[in-house]
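There are 2 protein chains.
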Amino acid sequence: MADRLGPARAEPIFDRVALIGLGLIGSSLARVVRRMNLAREIVAVDASDEVRARVTALGIADHVTGDLAAGVRDADFVILCVPVGACGAVAEAMRNGLKPGAIISDVGSVKGSVVAQVTPHLPEGVHFIPAHPVAGTEYSGPDAGFATLFLNRWCILTPPEGCDPAAAAKVRAFWEGAGSNVEEMTAEHHDLVLAVTSHLPHLIAYNIVGTAADLETVTESEVIKFSAGGFRDFTRIAASDPTMWRDVFLHNKAAVLEMLGRFAEDLYALQRAIRWNDGDALFEHFTRTRAIRRGIIDLGQETAAPDFGRQKPDEQ
Amino acid sequence: MADRLGPARAEPIFDRVALIGLGLIGSSLARVVRRMNLAREIVAVDASDEVRARVTALGIADHVTGDLAAGVRDADFVILCVPVGACGAVAEAMRNGLKPGAIISDVGSVKGSVVAQVTPHLPEGVHFIPAHPVAGTEYSGPDAGFATLFLNRWCILTPPEGCDPAAAAKVRAFWEGAGSNVEEMTAEHHDLVLAVTSHLPHLIAYNIVGTAADLETVTESEVIKFSAGGFRDFTRIAASDPTMWRDVFLHNKAAVLEMLGRFAEDLYALQRAIRWNDGDALFEHFTRTRAIRRGIIDLGQETAAPDFGRQKPDEQ
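Just so you know, the protein sequences line up as chains A and B, in that order.
Heads up, the first sequence is in the numbering used here, so the first residue is 713 and it goes up one at a time.
Heads up, the second sequence is in the numbering used here, so the first residue is 713 and it goes up one at a time.
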């Protein structure tokens, strides 16, 4: 597996890409589009004065604007990089600027809701190919982005039935150009898979960090000091962007509640094993989970270095 | 904060240290004792033929034996590095070999139960100073150890009331010599602090990995593939040693059940907010948890690199 981006394309895939929202994902896209020559021109559209000023200062886009309809004009590829809950309003605001034949995509962690929000606002003759790059860090904003964020990560496309195969192929080529592995599935299946691999873990992490902060008998400074015992691993994802995650939970409600129900049921079984001293049940469960970790390392979605490489084992 | 071990001591603290159990912790101790000259001689005691053979091959101890009473003979410092549930049996088996004035310690993640198991077996005139280095990786066994495992990590001592201050001071000097920061508290408070910073996170991680593996609608390979969305962070600690963790939960039952109860209560509140579309409650909760992450990074118990440094942001 390549650990760096290869050489830039000789010919760009798109003439003009408009990125709507220049947070971690949007600004990383701007960087990789330029680095890999995925589009001839980059238009950055963001509602925040502060973000636009940073994007201009960073020099990662050719044009920077706060006007949605103007920003998407003449773009043959438009990517919504805004929180899931904002997609409908953005689609409505940009619709009059869209060029016939333009391809619209997004990067949302929920697909069913985004499709439902965006589709009604799209004029005839534009192609909507939803996408979700499964990549990120706990940082936000245009300064947090970097060109290799998508390298060796999966990007899931959920092309609707009956969509233009040429449009879907171009979106695939775009993400492959950013270094990603591309997989296709239905929006419905996507939302179920991500509920367990991403949404539930974030909710659990947010929850345990809150529980720890509320204890009367253990101080917050003790929680922080002794976090290397395991707690630390949860705090990273509990530091993720609050707006983005609020929207994810509200817009993938059914799948998240289903996964939460299963999680709680399983947790009660472990709780019962502890209460009744059922060491064999605990041991059996803990042994089974090791194999899954092995699978993740083998697939290159994680390093095998102990402790995430946070401390390097040196010579004995 | 030093990021490497300093020069070795001119004079060792102990003459002969006996390490009981050469897993990740015991074998890391063997390495740092020699590297930092914390003791003149290292005796490695392990019940497993296989482990003894590896320790001999690695050359990390001066003497290797399977006989507990023989192994602790003439040792002025004995450290139990076995699963918490085995401490009573080990103390009983070694008692006749203990030298008068010897200091006994351990590395267990639970302190109340270890004290209750070990104390009845100790002869008059030996000093028991329990310790818990809050450090580890998800790997096990003598090959997994390394000398810097304890560097900049906290080691908690729980010296019993009325213990010999000179003995406690030597154990403190030993852990400081291994690069750790030392803190003292009661065994009872330790078990509460660790229940939330370590035991509960491990239980939650074990649980979510099991829940994900049991889904009928999402395949295990999908869970593994798309784990970068958050799930991955849980799998590391769910790959930890099953025997060690079974014992931790059974031996810190009261505190773990208490923390689990609070966690479940808080999770129901988040679940309810999702069900009733209470975005403000979610946003407020998710904002609060960010600050705790910041505290952990500031205290040097974590790196600020995005994504644990698993992928390096390079130039734009």
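Be a bit skeptical, because a hint or two may be false.
[Stated by the list, open to error] Straight-line distance between alpha carbons at most 27 Å, and here's what the computed DSS-like set of lysine-lysine pairs gives:
| # | chain 1 | residue 1 | chain 2 | residue 2 |
| --- | --- | --- | --- | --- |
| 1 | A | LYS965 | B | LYS882 |
| 2 | A | LYS937 | B | LYS882 |
| 3 | B | LYS811 | B | LYS882 |
| 4 | B | LYS811 | A | LYS937 |
| 5 | A | LYS882 | A | LYS937 |
| 6 | A | LYS882 | B | LYS937 |
Derived by calculation from the structure, the hints in this document are not laboratory data.
To see whether the hints hold, each was checked on the structure:
With a CA separation close to 56 Å, the supplied pair LYS965 of chain A and LYS882 of chain B exceeds the 27 Å bound. The straight-line distance between the Cα atoms of LYS937 of chain A and LYS882 of chain B is roughly 23 Å, inside the 27 Å bound, and the hint therefore holds. The hinted pair formed by LYS811 of chain B and LYS882 of chain B meets the criterion: a straight-line CA distance of about 17 Å does not exceed 27 Å. Restraint check for LYS811 of chain B and LYS937 of chain A: not satisfied, since their Cα atoms lie roughly 36 Å apart, outside the 27 Å limit.
Proposed proximity of LYS882 of chain A and LYS937 of chain A is contradicted: the alpha carbons are some 49 Å apart, above 27 Å. At roughly 23 Å between alpha-carbon atoms, LYS882 of chain A and LYS937 of chain B fall within 27 Å of each other, so this suggested pair holds.
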